[in-house]
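Note that the protein sequences, when read in sequence, are chains A and B.
17 is the number that this note's numbering gives to position 17 of the first sequence; each next residue is one higher, with no gaps.
Offset between the second sequence (1-based) and this note's numbering: plus 1000.
Any given hint might turn out to be false.
Said to hold, decoys possible - Calculated cross-link-like contacts (lysine to any residue; reagent style SDA-like; alpha-carbon spacing at most 20 Å):
no., chain 1, residue 1, chain 2, residue 2
1, B, 1213, A, 22
2, B, 1213, A, 30
3, B, 1259, A, 68
4, B, 1213, A, 4
5, A, 4, B, 1087
6, B, 1221, A, 54
7, B, 1213, B, 1032
8, B, 1221, A, 11
9, B, 1221, A, 51
10, B, 1183, A, 44
11, A, 4, B, 1260
12, B, 1259, A, 54
What the hints contain is simulated information worked out from the structure, not anything from laboratory work.
Please read these numbers as outputs of a predicted model, since none were measured by experiment.
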Amino acid sequence: MLEKVKEIVADGLGVDAADLTAETTFEELGADSLDLMDMVMSFEDAFEVEIDTDSLAELTSIGKVVTYIEGLQK
Amino acid sequence: MVGKICGTGSYVPENYYDNHDIAKLVDTSDEWIRERTGIVRRHIVKDDTTVSMAVKAAKAALENGAVKAEELDLILVATITPNHITPGMACEVQKELGAVNAAGFDMSAACSGFVFAYNTAQAYIAAGVCKTVLIIGSESLSNIVNWEDRGSCILFGDGAGAAVIRAEDGEIKPCVMHSDGVKGEVLACESRHQRDWQKKEEAKETFLSMDGKEVFKFAVKKVPEVITELLEKTEYTAEDMDWFILHQANQRIIESVAKRMKVDIDKFPMNISEYGNTSSASIPILLDEMNRSGKLKKGQKLILAGFGAGLSWGATLVEW
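Assemble the whole structure, with the sequences as input and the hints as a guide.
See the structure below:
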């Protein structure tokens, strides 16, 4: 899942997936709230989950996104 | 019968607020607004009203289409900021135009209003009820915007756009409309008039409120869906379309829609930088600008798509 999340982030923000790790934060990538919403929708499509917009504040890094989605899939 | 757009017109107030003006009212900046919305300035009514702007746009559309006001048999006004509760805007516009042979009524479908009005006009024409229809989107959103809410006041502007649609031989083109009242609260404005006369409740000053994240998600999800649904009713694909004229809500929404549809962003014309989000007026203002600048060529295929409060969303196919 980490690789797929990285791929979506790389595509969404126009960065190289190879430069991304679980620890990479969206803040350091310069993503604003609209970038995050756009990626959230791609996560929803890719993993067939629904991400509550109230949870967005918690999703600060790639690793946190992975943990959050894994939680939804259980 | 099918309706064909034979004239377009638009009007915006001369007075405008740029992002620096807005930054004097709320804690924001030109850079912040530009990056997140694409908006540079928005025109705001000073002496105009929703009716006066509608009339000016309508006169321009009639002139552009060489149609006399007396030829109109229906006037549809899409608005959420009418001058009066009653009479409706359409009747006020009728009076100013001298469109004595037209019936008129208003449609409240917010940012989907112009597309809903266009589809309604097409249905009346296809049914043989009307032959010459004037449709207008006009808004003075500055009157319902909360000028202390930096999340929403930066977005909206005032203006009007209109189109005259004439019946000709042919079959009605596909049109699609949807509503989802369950999610209505994410973009709403309460009525300002007294709701219970027995409680002697004072009329409240209420404003437009918006959950930006939910609205973004709704728009970016539903617009590609509704366009796909529309295209499935035709023999065309997205590549066959010349223009996708979307409600000008936010440049970032339009960019996300284009990316999701895998269509070149150049096919999505935008003028949001100049006007902000003018709700029902945004599509006809853009359509008029494209018409008058010669960008729309005979035979071109356009998709108009609106989305907004209600929630409501819809799309329609136009052959120019």
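Going down the list of hints, with the structure as the test:
1. Distance check on the hinted pair: residue 1213 of chain B and residue 22 of chain A sit about 25 Å apart at the alpha-carbon level, beyond 20 Å; violated.
2. About 18 Å separates the Cα atoms of residue 1213 of chain B and residue 30 of chain A, which keeps this hinted pair within 20 Å; it holds.
3. Taking the CA atoms of residue 1259 of chain B and residue 68 of chain A, the gap is about 25 Å. The hint is violated against a cut of 20 Å.
4. With a C-alpha separation of about 23 Å, the suggested pair residue 1213 of chain B and residue 4 of chain A falls outside the 20 Å cut-off, and the hint is violated.
5. Between residue 4 of chain A and residue 1087 of chain B the CA atoms are separated by roughly 57 Å; this puts the pair beyond 20 Å, and the hint is violated.
6. Distance hint between residue 1221 of chain B and residue 54 of chain A is fulfilled; the C-alpha atoms sit about 18 Å from each other, no more than 20 Å.
7. Proximity of residue 1213 of chain B to residue 1032 of chain B is assessed by CA-CA distance (about 16 Å); at most 20 Å being required, the pair is judged to hold.
8. For the suggested pair residue 1221 of chain B and residue 11 of chain A, the alpha carbons sit about 18 Å apart, so the restraint of at most 20 Å is met.
9. A C-alpha spacing of about 14 Å is found between residue 1221 of chain B and residue 51 of chain A, which places the hinted pair at or below 20 Å, so the restraint holds.
10. Taken as a hint, the residue 1183 of chain B and residue 44 of chain A pair is honoured in the structure, with Cα atoms around 19 Å apart against an allowance of 20 Å.
11. Of the supplied pair hints, the one linking residue 4 of chain A and residue 1260 of chain B holds, its CA atoms being roughly 17 Å apart against a limit of 20 Å.
12. Distance check on the hinted pair: residue 1259 of chain B and residue 54 of chain A sit about 25 Å apart at the alpha-carbon level, beyond 20 Å; violated.
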